[in-house]
Structures are given as C-alpha cells and as structure tokens.
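Following my numbering, the numbering of the sequence shown begins with -13 at its first residue and continues without gaps.
Mixed in with the good hints there might be a few duds.
What the hints assert, rightly or not - Estimated spans, in silico, between C-beta atoms of each pair: (1) Y36 <-> I56: 28 to 36 Å; (2) L11 <-> N54: 37 to 45 Å; (3) V5 <-> I57: 39 to 47 Å; (4) L4 <-> T58: 38 to 46 Å; (5) F62 <-> P6: 47 to 55 Å.
The set of hints was computed from the structure by calculation and includes no laboratory data. Beta carbons are placed, not taken as given, at the ideal position from N, Cα and C, and that holds for glycine.
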Amino acid sequence: LTSVLAVILFFGGWNGVLVPLPPLLWFLLKVAFFVYVFIWFRFTFPRYRYDQLMAIGWKVLLPLSMANIIITGVAFL
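Between the sequences and the hints, there should be enough to build the whole structure, so can you do that?
See below:
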C-alpha cells in the first residue's frame, strides 16, 4: 500500500519514461521496485530498542527541532 501511494503521488503513477510500455506495466514495475527498496531497507538497518529510540529523540531530535524553531524565528523577524 505504501509503495502504491508513493508511486501514485510522487513518481508519475502510470506514466512511462522512455520505453513505450502499457501504463499498467509501468505502474506495476514502479510498485515492485519500491516494494523491493522498502524490504531491502528493512532488513539492512538494525532494529532499535525502545530505550535507544527515546535517547535519540531526547538527545538528538529535540535539540534539532528547538534549533530549527529558533533559526526560523530569527530569519522571519
């Protein structure tokens, strides 16, 4: 489902690139490619434990988001 939505919304849906193939075939090829990429990413990267995700959130993402808010506020004033 995610691959189908990604292809429809961001990658031209059934429109082809260079080779004149039927639109349904283009769509299925793009969806198959994204399914492959998502499965590949899932099995390539390690799975984080809950405490590791919380540490990343508090120590990395929260300071980055605060810096983003401050920089955006300064830029628009």
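Hints versus structure:
no.	hint	verdict
1	Y36 <-> I56: 28 to 36 Å	29 Å, holds
2	L11 <-> N54: 37 to 45 Å	42 Å, holds
3	V5 <-> I57: 39 to 47 Å	45 Å, holds
4	L4 <-> T58: 38 to 46 Å	41 Å, holds
5	F62 <-> P6: 47 to 55 Å	48 Å, holds
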